[in-house]
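*Asks:* Keeping their order, the protein sequence lines are chains A and B.
With the numbering used here applied, the first sequence has no gaps in its numbers, which climb one by one up to 273 at the end.
With the numbering used here applied, the second sequence has no gaps in its numbers, which climb one by one up to 918 at the end.
Hints were generated in silico from the structure; no laboratory data involved.
Just so we're clear, the structure is a prediction, and the values are computed from it rather than from any experiment.
Any given hint might turn out to be false.
What the hints assert, rightly or not - Below 27 Å or equal to it, Euclidean Cα-Cα: the simulated DSS-like pairs (lysine-lysine) are:
| hint | chain 1 | residue 1 | chain 2 | residue 2 |
| --- | --- | --- | --- | --- |
| 1 | B | K760 | A | K165 |
| 2 | B | K760 | B | K705 |
| 3 | B | K681 | A | K42 |
| 4 | B | K705 | B | K681 |
| 5 | B | K638 | B | K681 |
| 6 | B | K638 | B | K760 |
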Amino acid sequence: MIVLPPRLRVRYTRVGRVRFISQRDTARIFERAMRRLHAPVKYSEGFSPHPILSFSAALPTGGASEAEYLDVRFDAAEVTDERFEVGESSDDSLRAFGQALTEVLPVGMVVTGAVELDGSELSLQEAVACMRWEVDVRASEPPAIDVRIANLMAAAEVVVERQRKGRPVVDNIRENIAVMESDATPEGARITVDLLTHPRGVRLSELLTALGSDIELLRATRTHQWIDQHGERHEPVAVGTFAVVTPPALSEMDSALTRSSSREREQHEQRTD
Amino acid sequence: MTSLWNDIEPILWRVDKPARYIGGEVGSLEPERHEGDINWLVAYPDTYEIGLPNTGLTILYEILNDRDDATCERTYAPWVDMEKEMRTAGIPLFSVDSFRPANSFDILAFNLAAELTYTNVLNMIDLAGIPLYAADRRGDDTFVFIGGHCTYNPEPMATFVDAAVLGDGEEVVGEITEVMAQWRAEGVTDRHEMWCRLAQIPGVYVPGLYRPTFDGERQTGIEILDPRAPAVVEKRTVYDLGQWPYPRRGLVPLTDVVHDRLNVEVFRGCTRGCRFCQAGMITRPVRERPRHQVVDMVRAGMERTGYDEVALTSLSTADYSGIEELVTEIMDPAAGCGRVNVSLPSLRVDAFTVGTAAAIQQGRKSGLTFAPEGGTWRMRRVINKLISEDDLYAATDAAFAQGWQRVKLYFLIGLPTETDEDVLGIVELGRKVVEVGRKYRRSITVTVSVGGFVPKPQTPFQWFGQDSPEELQRKITLLREASRDVKGLSVRWHDPSASAAEGVSSRGDRRMGAVLERVWRDGGTFQEWGEMFRLDRWERALEAEGFSLASVSERDRSRDEYLPWTHLSAGLHDDFLWGEWESALAEAGTEDCRWTPCYDCGACTTLGLEHHVASPTAPAGGSQGTGQGLDLRTPVSLGVKPVSA
Numbered sequence: 001m002i003v004l005p006p007r008l009r010v011r012y013t014r015v016g017r018v019r020f021i022s023q024r025d026t027a028r029i030f031e032r033a034m035r036r037l038h039a040p041v042k043y044s045e046g047f048s049p050h051p052i053l054s055f056s057a058a059l060p061t062g063g064a065s066e067a068e069y070l071d072v073r074f075d076a077a078e079v080t081d082e083r084f085e086v087g088e089s090s091d092d093s094l095r096a097f098g099q100a101l102t103e104v105l106p107v108g109m110v111v112t113g114a115v116e117l118d119g120s121e122l123s124l125q126e127a128v129a130c131m132r133w134e135v136d137v138r139a140s141e142p143p144a145i146d147v148r149i150a151n152l153m154a155a156a157e158v159v160v161e162r163q164r165k166g167r168p169v170v171d172n173i174r175e176n177i178a179v180m181e182s183d184a185t186p187e188g189a190r191i192t193v194d195l196l197t198h199p200r201g202v203r204l205s206e207l208l209t210a211l212g213s214d215i216e217l218l219r220a221t222r223t224h225q226w227i228d229q230h231g232e233r234h235e236p237v238a239v240g241t242f243a244v245v246t247p248p249a250l251s252e253m254d255s256a257l258t259r260s261s262s263r264e265r266e267q268h269e270q271r272t273d
Numbered sequence: 274m275t276s277l278w279n280d281i282e283p284i285l286w287r288v289d290k291p292a293r294y295i296g297g298e299v300g301s302l303e304p305e306r307h308e309g310d311i312n313w314l315v316a317y318p319d320t321y322e323i324g325l326p327n328t329g330l331t332i333l334y335e336i337l338n339d340r341d342d343a344t345c346e347r348t349y350a351p352w353v354d355m356e357k358e359m360r361t362a363g364i365p366l367f368s369v370d371s372f373r374p375a376n377s378f379d380i381l382a383f384n385l386a387a388e389l390t391y392t393n394v395l396n397m398i399d400l401a402g403i404p405l406y407a408a409d410r411r412g413d414d415t416f417v418f419i420g421g422h423c424t425y426n427p428e429p430m431a432t433f434v435d436a437a438v439l440g441d442g443e444e445v446v447g448e449i450t451e452v453m454a455q456w457r458a459e460g461v462t463d464r465h466e467m468w469c470r471l472a473q474i475p476g477v478y479v480p481g482l483y484r485p486t487f488d489g490e491r492q493t494g495i496e497i498l499d500p501r502a503p504a505v506v507e508k509r510t511v512y513d514l515g516q517w518p519y520p521r522r523g524l525v526p527l528t529d530v531v532h533d534r535l536n537v538e539v540f541r542g543c544t545r546g547c548r549f550c551q552a553g554m555i556t557r558p559v560r561e562r563p564r565h566q567v568v569d570m571v572r573a574g575m576e577r578t579g580y581d582e583v584a585l586t587s588l589s590t591a592d593y594s595g596i597e598e599l600v601t602e603i604m605d606p607a608a609g610c611g612r613v614n615v616s617l618p619s620l621r622v623d624a625f626t627v628g629t630a631a632a633i634q635q636g637r638k639s640g641l642t643f644a645p646e647g648g649t650w651r652m653r654r655v656i657n658k659l660i661s662e663d664d665l666y667a668a669t670d671a672a673f674a675q676g677w678q679r680v681k682l683y684f685l686i687g688l689p690t691e692t693d694e695d696v697l698g699i700v701e702l703g704r705k706v707v708e709v710g711r712k713y714r715r716s717i718t719v720t721v722s723v724g725g726f727v728p729k730p731q732t733p734f735q736w737f738g739q740d741s742p743e744e745l746q747r748k749i750t751l752l753r754e755a756s757r758d759v760k761g762l763s764v765r766w767h768d769p770s771a772s773a774a775e776g777v778s779s780r781g782d783r784r785m786g787a788v789l790e791r792v793w794r795d796g797g798t799f800q801e802w803g804e805m806f807r808l809d810r811w812e813r814a815l816e817a818e819g820f821s822l823a824s825v826s827e828r829d830r831s832r833d834e835y836l837p838w839t840h841l842s843a844g845l846h847d848d849f850l851w852g853e854w855e856s857a858l859a860e861a862g863t864e865d866c867r868w869t870p871c872y873d874c875g876a877c878t879t880l881g882l883e884h885h886v887a888s889p890t891a892p893a894g895g896s897q898g899t900g901q902g903l904d905l906r907t908p909v910s911l912g913v914k915p916v917s918a
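Given these sequences and hints, build the entire structure.
*Replies:* This is the structure:
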């Protein structure tokens, strides 16, 4: 018996050949995996109900990741398999769920952690403030990659051209680049870069274009995504962590009660829509 | 042979939709090879997203991998950008299962479902590094096979293939495997000997053992070059689908494909007898899958795949005996099929069918499609698609009444005996369907979709010269002008020049192989894709080989002309086909033999079979095949009809 909480944040990988699928493909794969598992995922209301799954910032097609995240909601009304229940979960249940989900995901997609949410959290898209990429590149012309990085980090402005609402615009992405370093490799260089996601994210392809049009991308892996909390960065779910919400201390009970009653109200409203 | 993955991986960053090339689907395998195995590579000669859902290849993939003496992997046509990267990097055509090179397989077997994919077959053989002409292949070179509906005239592909397989593949792939394993065990490497042994297998046609003779634009006969080759090759037919509950491990792709849902085949064959329809002629007789097995396959399939939709597939699913009971059973929670949407991809034109469709439709009712095919009752009698106007109005009335807002109607133009009145009848029908819909809602739309008719081998229209692209264009212009002022009606059409090129492969003889090769060498791959198709490539290639569209596609054949597929049989008597042609000219209908006495088309008698249906009664609703209205000029009525029986 696996007892699932109403809200769960899942950490997973997308490595190996499966990294060549798109973010839309990834979402569809999770929908089907949940159905194969008979997981009691909550469905949206409306003409064509779909399972409520929300993902962190899209991973580009071809990009690998060791730190992808997914928020999923479960609903006792959707239980069709006696293996599952929705209610007061446990660390063991979450670990068992992670294993079961991995079994129905393609090779290269592995659940590496899961934590219960209490409903007060920001969405992943809002919460993630910074991500780290490791990128293997090769440049066909001088200067060397480390020189280019030094120049770029010393610059006041790094401009990229984008389309916004169908019009070309020019943005400065320098403020997005927190840290960027490189190490020489037999093929060229491995760049490690921490990119800030607010107010507007930066695409990996934009960053590479800023480093020079002769840059050839060989491999790219997103190794971390971080949430900003009181000025410190935390992983939304650390690898190997399978944890339910810790029961609040007595002094925090009031606010927790308020939260849960507002959650019930919200659920009630959705049911009666 | 080892995997090419390490060479493939770096180029995938640079190509569009790289997930086309990575395999890894639910249900896919990376078979291990053992000494003595016959290794098959099955191929669909179009993009991954078109080819992956192909049920035929999925079934063979499974049946072969279930055998102890065979392995089977898959490949698809790499898109133009990927082909360029592969050729630059020196990467040959590869399997998406183990990434082994195509020429490390014993057999490369293509499914030919559309004539315009032929140039892709040539390209894929070339990309595989296999000699393009069958005659140039030696000993251990990979054998190239073709199967599928197009093999009822394989002659345009004859020089490129070692063998063509006619009919259902379930049994014959095992026989081919055994024959090949035997000669491997004996150490046979003489290609001619191998061909002769293949030719002994019923349903296998080895073109290299036959030499056609020609006189000008006509073929005059065929010489048999070895006494071991049969005079006539008969198709293979799996009689009892109940013994073949495949696919059991259907593939669920990681990325977007067409028909991305569980597909369960409910029957093969169709005896409606539409005279233009090749599928309805070459797949006779009707063979239904037992209802309990369909339900089992849906239940197991939904469970295994995680799909939320199942399509019950066939040439005309509403004709399945007890279709209502079947659908009701699937949707009953007690059946254990889960939260499932059932779709019926081919609707019959009658209110009864629409009632069934409405009952199973969940969520938004967007569009519904019907195929009257002919614009006037006269035209529909010529083609034996005996839908009365009342049927059509009742069906569309039911659709609009049930809340559908868009209706699409499929028609053919360029049919035998067609007049401008028949063409304009298409707009007239469309206009009246708009009127039917406006009773319910102002905002309804009706789309008329028009394709140019291409006559197909082994059909009653195989003698008929197709319209030139100019004539089809003239008819399209007629339609556009006539529909201009009809609010709510839009007309869409298929490129008439693509129909012309399709005709070259459809009824062409062996000499069209050189034409295909020229088109391919001129860059003409992916000819099914509008952005890749240009008719001038085909016209230049035809001219260079001494032919023209007029001499190949547009030429009428007389009854005494030796047709290039005369030595290949789908079981149909020549007398039956010619009789149907004469009935077409006489505007006389032929009933559906499921529910009326046998008229001996040949399919059952040649094969020693009969229809395999669960119910001897004709389906409720619909005139076709039930004996109604064959000589009736149906008065137009726009009255409201009950929605379902």
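*Asks:* Work down the list of hints and note, for each, if the structure agrees.
*Replies:* Against the structure, the hints come out as follows:
1. With a C-alpha separation of about 33 Å, the suggested pair K760(B) and K165(A) falls outside the 27 Å cut-off, and the hint is violated.
2. Proposed proximity of K760(B) and K705(B) is supported: the alpha carbons are some 11 Å apart, at most 27 Å.
3. Proximity of K681(B) to K42(A) is assessed by CA-CA distance (about 35 Å); at most 27 Å being required, the pair is judged violated.
4. Distance check on the hinted pair: K705(B) and K681(B) sit about 13 Å apart at the alpha-carbon level, within 27 Å; holds.
5. Of the supplied pair hints, the one linking K638(B) and K681(B) holds, its CA atoms being roughly 13 Å apart against a limit of 27 Å.
6. At most 27 Å may separate the alpha-carbon atoms for a hinted pair to count; K638(B) and K760(B) meet this at roughly 22 Å.
Hints 1, 3 from the list above are not met by this structure, while the remaining hints are.
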